[in-house]
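Novice: Modelling step: build the complete structure from the supplied sequences, incorporating the hints.
Each protein sequence line maps, in turn, to chains A and B.
Once you know that position 480 of the first sequence is 480 in this note's numbering, the rest is easy, because the numbers rise by one and skip nothing.
Once you know that position 134 of the second sequence is 1134 in this note's numbering, the rest is easy, because the numbers rise by one and skip nothing.
Calculated directly from the structure, the hints in this document are not laboratory data.
Owing to the predicted nature of the structure, the values given are computational and were not obtained by experimental measurement.
All C-beta atoms, glycine included, are put in the ideal place defined by N, C-alpha and C.
Any given hint might turn out to be false.
[Said to hold, decoys possible] Simulated crosslink set (EDC-like; lysine to aspartate or glutamate; CA at most 16 Å straight-line):
id	chain 1	residue 1	chain 2	residue 2
1	A	429	A	199
2	A	428	A	225
3	B	1090	A	224
4	A	428	A	224
5	A	429	B	1085
6	A	429	A	225
7	A	429	A	164
8	B	1090	A	225
9	B	1090	B	1009
[What the hints assert, rightly or not] Residues of chain B clear of chain A, computed beta-carbon distances all greater than 10 Å:
id	residue
10	1009
11	1010
12	1073
13	1074
14	1109
15	1132
16	1135
17	1139
18	1147
19	1161
20	1162
21	1164
22	1165
23	1166
24	1167
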Amino acid sequence: MEALSSLIHGFGVLADPMNIVYMFVGIFLGVLIGVLPGLGGANGVAILLPLTFSMSPVSAIIMLSSIYWGALFGGAITSILFNIPGEPWSVATTFDGYPMAQKGRAGEALATAFTGSFFGAFVATLLLTFLAPLIARFALQFGPAEFFSVYLLTFCSFVGMGKESPFKVIAAMMLGFALAAVGLDTVTGQLRMTFGSTELLRGFDFLVAVIGLFGVGEILLTMEEGLAFKGKSAKINMRVVIQTWKELPQYWLTAMRSAIVGCWMGITPGGATPASFMSYGLAKRFSRNGAKFGTGEVEGVLAPETAAHAAGTSALLPMLTLGIPGSPTAAVLLGGLLIWGLQPGPLLFVEQKDFVWGLIASIYLGNVAGLIVVLTTVPLFAAILRIPFSIIAPIILVICAVGAYTVHNALLDISVMLVFGVIGYVFKKLGYPLAPLVLALVLGDMAESSFRQAMLVSQGNVGIFWSNPLVATIVTLALLMLFWPILSTLWGKVGRRPAAGVSPGQ
Amino acid sequence: MTPHPEQGEHTVSNRAMELVVSGLFIVASVLVMYDNWRIGARWMEDGPQAGYFPFYIGLIMLVASTVTFATNLAATAGGSASFVDRSQLKQVLQVLVPTIIFVILIGFIGIYFAAAIFIAFFMSWLGKYPFYTIAPVAIAVPLFLFFMFEIWFLVPLPKGPVETALGY
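Specialist: As structure tokens, then:
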């Protein structure tokens, strides 16, 4: 198998002991970020990105992706012990995780969550190892029209799969595109939407936006809840872990189902959060103990954690093969690739073998390392969580300000971050989704240039998007996604009619 | 500010906030469309002009936010719930206002001293901590940042007159 030999080559890249050190540092920072409110995978990676500019790209991506794995693990700790989801994708973990902790089964819940996370990530990494090279080879034949159609599918999926009002999804997404267009147009060299300001020449950097939207916005939201954290203490030792591991195999079906849901939602940009909710819902429906969900069921912890981690990991698949990230954190990692001078997309697998396979190999090791780190350090992180919010909050805000400044060494960016923070707070409260905004901000330029190239080829004829079966399928699928909210309502009406005895059949 | 003083906790209704935000979206999309039309959003001999793509982005945003605006305008029931409770708003502002002052301070005295003042103020005002708890945190955090950025990673952060006097 070609993928296997490439993978072994990738493990060879990891033989550099510094890379292993970076991996553990990344995991540790990641868990810390995942545990602290206001710091999550996306903005944590965004803040630390400037520090990696001096490293080699392989070491840098290993450290940053390890932060991502750490954050995925860390979210479970706060959900279970404090009933506060450290990350949006661990909201579903609180449903059964916190009741378990209240009953004194915190150790069991944590061990289940970590094992589930590990399993989900492992399945997704296997998928990544064997599917990514195939997709990349396939995508090598893509022209601008094909790329634009994939971008279109990505963005339309947000409309079709989002729980929010489709119009709000579209509005937030378009705001991202509009902000991405501010500044110098790379094709014609014209200035767009700068309104005579030299500061706007640079445009809006999505890293600053991410730090503001997810970091400052989250702190403001947390403040609403008040300052007190009341948590359960965690006793986790080898005995509890082994006990849990003995019990878990009986839930293999739930774990498999959740991993598949997670992989699917990660590759299509549904993301980890809907994946965790969906697999919690599925587990509840199919489990024998479904009625007891919400009172502290092991399966209720296993399902969302497995799905969230599978989604978080598989979000890297479209990012590496097509240059389209499946989640905001993957988007930030993609921004990192661009800064290091690596063009994400199918060519990456041809031109940067060391980088790609080093990264994929590091995901295997990173998750093993992550499992070890979280199982051994839970008491430490639980203690960090007991530090009152009035100490943690100003420190996080200072770190956010530092992170926003270091992106371009621009003072104005700190103010921009603050404005994005307020926007993030208001958007969250009104149900405007942030993920499409961030993804549009990251992909705006690339989507635009592929659109313009496609239009140049066809001399302005939109028919190019139906010119061959591949592009036609993707575009049609995208439009189906876009109109899914309308279609599903119509479907519901049609489906109800036979029940009323009006018309049989479809 | 409060239209229903008798409700105490009421600030702005959710519906009003929805209208304001979608209204701002409409303003933003008109601005986007105006500026891109100005630089040219049509077809030239050599392909689309610079404003072509963003103009349509603005147009889609206009349509989507107009629908949101209209549906909220039409919905009279259920939207009167408070966007944010008065006590919640107070807590949010307690964080937001000092943060704004902190950001302004960075420009004048550098990030390290601004951070020390910000942390100390925050801890004493919201946390009501005694001096001996505040001092170590307020000094250690900026000092750690200083070593991490200026010395280990060689990333310069904004500095003020004090650092300049010390030779940095």
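Novice: It remains to establish, for every hint, whether it holds in the given structure.
Specialist: Hint-by-hint comparison with the structure:
no.	hint	in the structure
1	A/429 to A/199	violated, 30 Å
2	A/428 to A/225	holds, 14 Å
3	B/1090 to A/224	holds, 9 Å
4	A/428 to A/224	holds, 13 Å
5	A/429 to B/1085	holds, 12 Å
6	A/429 to A/225	holds, 13 Å
7	A/429 to A/164	holds, 12 Å
8	B/1090 to A/225	holds, 12 Å
9	B/1090 to B/1009	holds, 11 Å
10	1009	holds, 12 Å
11	1010	holds, 15 Å
12	1073	holds, 13 Å
13	1074	holds, 13 Å
14	1109	holds, 12 Å
15	1132	holds, 14 Å
16	1135	holds, 13 Å
17	1139	holds, 13 Å
18	1147	holds, 13 Å
19	1161	holds, 16 Å
20	1162	holds, 17 Å
21	1164	holds, 16 Å
22	1165	holds, 20 Å
23	1166	holds, 19 Å
24	1167	holds, 20 Å
Hint 1 alone, counting from the list given before, is not met by this structure.
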